[in-house]
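All chains, please: the whole structure from these sequences, using the hints.
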Amino acid sequence: MISTWKSIIFDWKAYLRFNKKNNPVVFFLTFFHNPGMMFSLVYRWQHYFLMHDSKILKIIGFISYPFYFIFTYYVLDINIDPYAKIGKGVYMHNRGIIISHNAVIGENAHLVGPLTIGTKSIEDDRSAIIGDNVTIGTGARIIGHVKIGNNVTIGANAVVVKDAPDKCLLGGVPAKIIKSII
Numbered sequence: 013m014i015s016t017w018k019s020i021i022f023d024w025k026a027y028l029r030f031n032k033k034n035n036p037v038v039f040f041l042t043f044f045h046n047p048g049m050m051f052s053l054v055y056r057w058q059h060y061f062l063m064h065d066s067k068i069l070k071i072i073g074f075i076s077y078p079f080y081f082i083f084t085y086y087v088l089d090i091n092i093d094p095y096a097k098i099g100k101g102v103y104m105h106n107r108g109i110i111i112s113h114n115a116v117i118g119e120n121a122h123l124v125g126p127l128t129i130g131t132k133s134i135e136d137d138r139s140a141i142i143g144d145n146v147t148i149g150t151g152a153r154i155i156g157h158v159k160i161g162n163n164v165t166i167g168a169n170a171v172v173v174k175d176a177p178d179k180c181l182l183g184g185v186p187a188k189i190i191k192s193i194i
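First residue of the sequence shown? That's 13 in this note's numbering, and the numbers climb one at a time after it.
Just so you know, these hints were derived from the structure itself, not from any lab. We put the CB at the ideal spot given by N, CA and C, even for glycine. Only true hints are included.
Derived DEER-like restraints, expressed as beta-carbon distance ranges:
#, residue 1, residue 2, range
1, I134, F81, 16 to 22 Å
2, D144, F40, 23 to 29 Å
3, D175, I68, 36 to 42 Å
4, N169, S66, 40 to 46 Å
5, V173, P78, 32 to 38 Å
6, I189, F83, 36 to 42 Å
7, K67, W17, 19 to 25 Å
8, G184, L69, 39 to 45 Å
9, D136, M63, 19 to 25 Å
10, R107, S66, 30 to 36 Å
11, W17, S192, 34 to 40 Å
12, E135, S66, 30 to 36 Å
13, D178, N114, 18 to 24 Å
This is the structure we're talking about:
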C-alpha cells in the first residue's frame, strides 16, 4: 500500500509540475476538472486491489471493477486496463487514452490523448514495454510487442510498430527515428 500512496503522490507532483500550480488549494480544486488526475487516483487503487496477494483484496478488486470501468470509460473517457503496469509520475493530458491489459509504462510518462497502446491481434495479445521519461503525442498508436527506450518522444499521430532505442524522437506512419536526442 505504501508504494500505491507513493505512486499517487508522484502522479500528483507531475500534475503540479505540468500545470504550475503551487497552491495546494487551487491544485485540489483543479483535481475535479482534470480527468487524467482523477483517473490516476482511481487506477492506482484498482490496480492495488487486483494485484495484491490477499484474496480478500482481490475479491474487492473484482467486485469494484464494474464501477471502475463505468467511471473511467464513460465519465472520464479513459480506457486503461487496471492490469496494465504504469510507473509513478504519470501525467495524462487529455481524454481518449486506451492502454491494453499487459502494457508496461515506465516512470514519468507524459501521455497526450487521444492515444492507443494496444495489441496486434486477439491471438498475439502482447503489448508495448515503454521506458522512463517518455512523451507520447496526441493521436499516437503503439501497436504490438514493441520496446520503447528511455527519454523518447513519440510525435503526434505516429504509428509505432518497431522497437525504438533510448533518447530519440519518433514520427510518421510507420514511425521512424526522426533524430537522436542528446
